[in-house]
Structures are given as C-alpha cells and as structure tokens.
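Turn these sequences into a full structure, and let the hints steer you where they fit.
Residues per chain are reported as follows:
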Amino acid sequence: MNADELQAFEDEIYAFVGQEVYPPTPAPDDVNMPMIRQWAEIMGDTNPAYLDADWAANSSRGRTIAPPAMMYAWGQEGFQVTKGRSPNAQSNLVALFNKHGYTGVLGTNVKQEYFKEVSPGDNVTIQMVIDNISERKTTSRGTGYFFETLSTFTDQHGDVIGTQRFKVLKFIPQEQPAAAASADGGLEVPTRIASVRGPDNGWWWDAVDEGKVLIQRCKSCQTLRHPPRPMCGECQSMEWDSIESTLKGEVLSYTCVRYPHVPGYPKDPICAVIKLAEGTNLVANVVGCEYEDVSIGMQVTGKVEQVDEKTTLPQFYPA
Amino acid sequence: MVANVKDKAVIVGVHNTQFSKNSGVSELNLAAQAVKGAIDDAGLKPTDIDGFATFTMDANDEIEVARAVGTGDMTFWGRSHYGGGAATGSLHQAVMAVSTGMAECVAVFRALNGRSGHRFSAGVSEGVMTADIIHWGWYMPYGLLTPASWVAMFTQRWMHNTGVTKDALFEVAHQTRQYAVNNPNAFFHERPFDRAEYDAARMICDPLQLFDCCQESDGASCVIVTTPERARDLKQPGVAVRGVAQAAAADQEQMTSFYRDEFAAIPEMEIAARNCYEMADLTPDDIDAAVIYDAFSPIVLWQIEAWNFCGAGESGDFVLDGALRPDGRLPCNTHGGQLSEAYIHGVNGIVEATKLVRGTSLNQPEKAVNHALVTSGVGIPTGGALLGKLD
Ligand SMILES: [Zn+2]
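If you're matching them up, the sequences are chains W and V in order.
Residue numbering for the first sequence follows the numbering used here, starting at 1 and increasing by one per position.
Residue numbering for the second sequence follows the numbering used here, starting at 1 and increasing by one per position.
No lab work stands behind these hints: they were computed from the structure.
Any given hint could be a false lead.
To be verified - Partial list, computed: chain V residues near chain W (C-beta under 8 Å):
| # | residue |
| --- | --- |
| 1 | Trp77 |
| 2 | Ile134 |
| 3 | Ser149 |
| 4 | Leu234 |
| 5 | Arg329 |
Claimed, not checked - Only pairs whose alpha carbons sit at most 20 Å apart, straight line, appear in this in silico EDC-like list of lysine to aspartate or glutamate:
| # | chain 1 | residue 1 | chain 2 | residue 2 |
| --- | --- | --- | --- | --- |
| 6 | V | Lys8 | V | Asp261 |
| 7 | W | Lys275 | V | Asp251 |
| 8 | W | Lys275 | V | Glu262 |
| 9 | W | Lys275 | V | Asp261 |
| 10 | W | Lys248 | V | Asp261 |
The beta carbon of each residue, even a glycine, is placed where N, CA and C say it ideally should be.
Below you can see the structure in the form of structure tokens.
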C-alpha cells in the first residue's frame with residue numbers, strides 16, 4: 001500500500017467513528033430470575049443479593065438485583081445468530097479491514113462501568129456505537145488498528161445503568177512470527193531462546209533441567225568457577241567436578257529489559273547479576289516482586305522453575 | 001616493553017558517506033564510497049592502496065572492496081574482533097602494517113546498514129554470532145539480549161558505587177546533541193533537545209533511557225594510513241598516530257564481564273590507556289580534545305576515568321563542570337558522537353579525531369588541538385589511539 005492508498009484506506013475506516021452499530025434496542029426478555037440463576041451458577045457466584053429473595057427482602061435494597069456484569073447478556077441475540085445477521089457498522093468495518101489484509105483479530109480490553117442496579121421485571125435497552133479507532137500501530141502481533149465500541153445500557157425509565165467499552169485489534173497476521181503455524185497446522189507458542197549445549201556447558205544446563213544449579217569446581221585446587229570452562233585458570237588442571245548451589249545470594253546489579261519486547265519472554269523481565277553464597281556470580285531473573293523493590297545488596301533465594309513450555313531456569317525471589 | 005610505532009604511520013585521508021536510516025544501497029556500495037572518498041581527500045589514486053583493515057563484523061570482503069574501488073595489488077589485510085572494540089583496533093592493524101613495511105597505504109573502513117539491515121537492538125539470537133553462541137547462552141534465556149541491557153547492568157552498579165546521577169548522563173547526551181546541531185551529516189542536525197525531552201523519553205533498560213543510546217545507522221567511514229615520508233607529499237596536513245593500543249583484561253567477556261571482583265569497571269581500557277600514553281610519550285595533560293566511544297552515555301564517563309582525565313568516580317563532576325563543551329577542558333565528540341551523529345562503529349570517530357588535529361572540525365574548539373584521543377567500544381576487548389600533528 002503506498003502513501004496515497006494508505007491515506008484513502010484510513011479516510012475510509014475513520015469515517016466509521018461515531019456510527020451506530022445497534023440503535024437503542026430493548027432486550028427481548030425482561031430481567032428475570034431464571035437467567036440470573038443460570039448466570040450465577042456458571043460463574044460460581046453465590047451472592048444472596050442475586051439469588052435469595054427472602055434474604056434480599058430484608059437487605060437495604062429490599063429486593064434481589066441482577067449481577068451488574070450481566071448487563072450485556074440481556075440483549076444477546078441467541079441462537080438466531082447462527083442463521084446470519086444483517087450487516088451493521090461494525091461488520092462493515094471488519095470487512096473493510098479484512099479486505100485490506102488486516103484479517104487478524106484480537107479482543108484486547110473490556111471495560112464495564114455500572115451506574116444503577118436493575119431487578120427482575122426491569123427491561124434493559126442496549127445501544128452500541130463505534131467510539132474510536134487508533135492511529136496505525138506496530139504491535140508485537142503485527143501492524144494494525146485498535147477500534148473500540150461503546151455500548152450504553154439504559155432501563156425502562158431511560159436511566160443509564162452502565163456502559164461497556166470493548167477494544168479490538170485488527171492486524172496483518174503474517175507479521176506475527178510469534179504464532180506461526182507449525183508443521184501439524186497448530187499454533188506454536190514462542191518460548192525463550194535456549195542456550196546451545198556444547199561439551200563445556202551442556203552438563204550445566206542438563207542439571208538445570210533436573211532442578212539443580214551446579215558450580216564447577218577444580219579437583220586440583222578446589223577453586224569454583226562460573227561460567228564453566230575446560231581448564232582451571234588458577235592451576236591449569238583439567239580435572240573438575242561440581243557442587244550444588246544453595247541458591248542463596250545477593251543482587252550485585254540489575255536491570256529491567258523494557259525495550260524491545262521479544263516474543264516468548266515475559267514483558268519487562270528483571271535480570272540481575274547475583275553473587276551466590278558459594279562465591280561465584282550468576283546472571284538470572286529476579287521474580288516475585290516489582291522492579292522498584294529490587295536493590296543492590298538485596299538478599300534473594302533461587303528456585304529452578306519451568307518458565308515456559310520448553311525452558312527451565314533458575315529464578316530468584318526476595319529472600 | 002613499549003611498542004615502537006610512534007609517528008610511524010600517518011592518517012592522510014578521511015571520509016564519511018551520507019549517514020541515514022535507510023541507505024537503499026548495499027554495504028559494499030557504502031564501503032566503496034567511503035574508501036574512494038578518503039583516497040580523494042588524501043590526493044591519492046585508488047591504485048596506491050595496497051592494504052585494508054576493518055572489523056570481523058564487517059560484511060564486506062576486502063577483495064570485493066578492492067575490485068570495486070580499483071585498487072592495485074594488495075599485500076595486507078587484517079581484521080579486528082569484538083564489535084566496537086575494533087574501532088581503533090582496525091587502525092591498530094593498519095599502523096602495524098605501515099610501520100613494518102607490510103603495506104604502504106592502508107584503507108581502514110567500516111560499512112554497515114545498521115538500521116535498514118541487521119539491527120543491534122534486535123539483540124543476539126540463535127541465528128546470529130554463532131561462534132559466540134555458548135557465551136550468549138548464559139544471558140539469552142533470561143532476556144538479557146541487547147547491548148543496552150548489558151551496559152545497563154554495568155551502569156546500575158557503577159552509579160550505585162560512585163553516586164554519579166543521571167545529571168552527568170544527561171550532560172554527555174546533551175553536549176553531543178549540541179555539537180550535532182551544527183553537523184549537516186548528523187541525525188540530529190538542527191534538532192536541539194533539553195532535559196525535559198531527555199527525562200520524558202521511554203526507558204529502554206533501567207537506568208538507560210532512549211537518549212542515553214546511540215543511533216542505529218546506515219553508512220560508512222574510512223581513513224587512509226600511510227608512511228610519514230609519503231604523507232609529507234600529500235594534499236592534507238598529516239595526522240600522525242602517536243600511540244595505538246588494544247587490550248583485553250583478565251576475566252574478560254564480550255559485554256558481560258560480570259565475574260570480576262568489582263565488575264563495574266573497565267580494566268581493559270585502563271591498560272590500553274597506559275600503553276598508549278607510554279608509546280606516545282604523552283600524559284593526559286597533553287590531550288586537548290577527544291572522541292570517546294559513545295554507544296551509550298555512561299560509557300563516556302568510565303573512559304574519562306580510564307584515560308586519567310580525572311580520578312576514579314570523579315567523571316560525573318568533571319563533565320558537569322563543562323569539560324566536554326567547546327570551551328571546556330576536553331571538548332569531546334565534536335561531530336555529535338554516535339549518540340547524535342551516527343553509529344558507524346567508532347570509525348566516524350577516527351575521522352573526527354583526525355579533523356580535530358587538522359583543525360577542520362565543524363565544531364573546532366578555539367584552543368589549539370595538538371593531540372586528540374580516540375577510543376573504541378566499552379565492555380569488550382578494546383583500545384584507543386592518540387593522534388597528533390605530523391612534524
Ligand atoms: Zn585449579
């Protein structure tokens with residue numbers, strides 16, 4: 001897409017901002033106990049304010065209420081959706097994105113706000129508009145646009161009971177190596193980059209896979225060394241064994257790697273140089289606390305943990 | 001033992017290509033432009049070139065550059081290892097070749113599409129630097145993948161040890177920007193910035209923010225090195241290499257020397273400095289200006305200490321006193337540095353140090369520049385060179 005085509009495309013999508021997806025539409029059923037009971041059962045919510053008429057009669061409200069988070073449920077179209085629905089502003093916008101290659105879709109945020117409670121017998125009216133569309137963004141999923149719909153829920157008196165904002169990313173999916181299709185057609189979830197295992201270091205990583213952090217020790221002069229290497233720099237002996245670290249240590253330095261975000265890694269990993277109680281230094285992650293809580297001199301305790309589908313690593317927690 | 005190279009090799013030609021974020025041409029094209037430009041600057045012919053020196057990281061073959069430029073027969077080619085540690089390392093190769101007579105005119109070059117091609121900020125991965133893969137494997141799984149992340153680890157501890165604050169880091173970043181504002185080939189030409197912009201920029205790896213980091217750039221730089229006899233007959237005033245040194249210190253790793261008793265230090269640069277001063281028979285007091293490798297702002301401070309312009313832990317006060325400014329004790333990175341001109345792996349720094357001694361920097365300090373320092377990268381085996389006027 002050249003600059004002019006991009007401009008034309010963006011003019012077309014931004015024209016959707018403010019368009020109505022659903023005009024104000026009363027829910028087919030009034031707020032009712034059977035639907036509340038089913039919803040609460042599925043959610044595992046046993047709040048008597050929703051379910052127990054006797055309890056509710058004696059409460060400050062004097063009546064049962066619907067769970068506020070149900071407000072979107074009242075207007076759901078139900079089984080008829082499977083027979084197709086007539087086009088609306090949202091489906092037209094999605095079709096426009098798809099036509100230009102932005103076929104990836106990812107719901108990123110739902111935000112509900114509640115202003116008034118409803119009870120069995122009330123009726124909820126739903127209206128939805130396309131509220132905003134972001135500028136073109138480069139995300140870890142690929143390049144695309146966020147669009148947000150705003151649903152407004154009112155009761156039969158015209159009072160707003162709540163709103164819901166739903167944000168969706170439409171993006172170009174081939175820019176997403178993170179979820180490239182694997183040979184069997186499934187989606188491969190990226191993992192951390194593994195250390196290559198050679199003759200001098202493989203044994204150390206093999207031990208990590210078994211839950212242990214080892215420290216190489218010269219058999220001749222007993223000097224500990226890390227990272228492993230084939231000869232002792234103190235006495236030049238090539239005979240060595242190892243001891244297992246207690247994983248007690250102290251932070252010598254640390255940083256939070258905020259940019260760039262690499263697929264397969266947690267966001268903003270904290271990395272530290274840790275002086276182990278045995279005396280050698282080890283680079284590893286500090287987890288279980290915020291960056292602001294880490295300091296030089298802080299005491300930490302390590303555990304060997306599986307951090308993703310393929311990777312096991314020492315991870316250190318505040319002691 | 002002191003190496004016997006003082007004034008035996010002379011920089012006679014320099015050239016930078018245009019620096020950009022997308023050169024649109026091959027790295028070979030950039031190398032050929034840089035080498036040809038430096039030959040022209042010297043008043044030499046392509047057939048005068050009989051040697052090349054560059055980085056192991058450079059993707060160009062010497063013989064391809066030679067064919068492209070149309071040099072004569074070649075009798076020397078040498079490469080220096082360890083990324084930006086090779087900046088003055090490639091000059092070191094050329095000086096050894098010229099001073100021993102292995103070659104007479106050596107082109108020192110570095111050409112890279114560092115923004116539009118492979119980006120340093122992309123970090124190391126399984127597919128890159130395969131020879132070093134075992135080494136990077138101690139860091140990659142944790143997410144410690146990029147030059148900024150490795151330098152941040154040193155910076156955090158060094159600031160903790162010395163009490164130096166971001167005021168000093170800002171002074172380094174800000175002063176290079178002040179110089180770049182006057183340099184048409186700099187990314188930040190005519191773009192001043194202030195503390196508010198510095199503070200508001202995104203965090204890359206704590207405590208390094210965006211403007212503590214250099215530019216990823218496309219471009220090439222070249223300097224031509226020849227003998228003093230030949231240099232006296234050429235177009236430009238010769239700039240002699242008084243001393244040039246490389247060093248790796250005990251327990252050295254590439255960018256991750258985290259295993260020393262006190263790792264917030266650069267002992268390799270202290271060794272290079274000591275050897276350079278000795279070779280050149282100069283002291284820090286003799287040095288009038290400097291081009292100090294600035295891939296990241298804090299590394300300039302460590303090098304100021306390593307080269308003994310101030311005591312250990314005093315570099316923060318040194319720069320906050322205005323030392324790096326045009327009228328300061330040590331006008332520094334007067335081209336805008338790699339923070340603000342372009343990141344050509346330090347070879348654009350050799351070009352600028354040569355210009356400072358010639359007296360032709362765009363930001364030439366008012367004082368006489370008899371000697372200039374130029375350094376290589378930090379955290380790796382590294383080095384530096386002392387340049388002076390050819391007698
Ligand atoms: Zn030993």
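- Task: Taking the numbered hints from earlier one at a time, note which ones the structure violates and give those numbers from smallest to largest.
- Result: 1, 4, 5, 6
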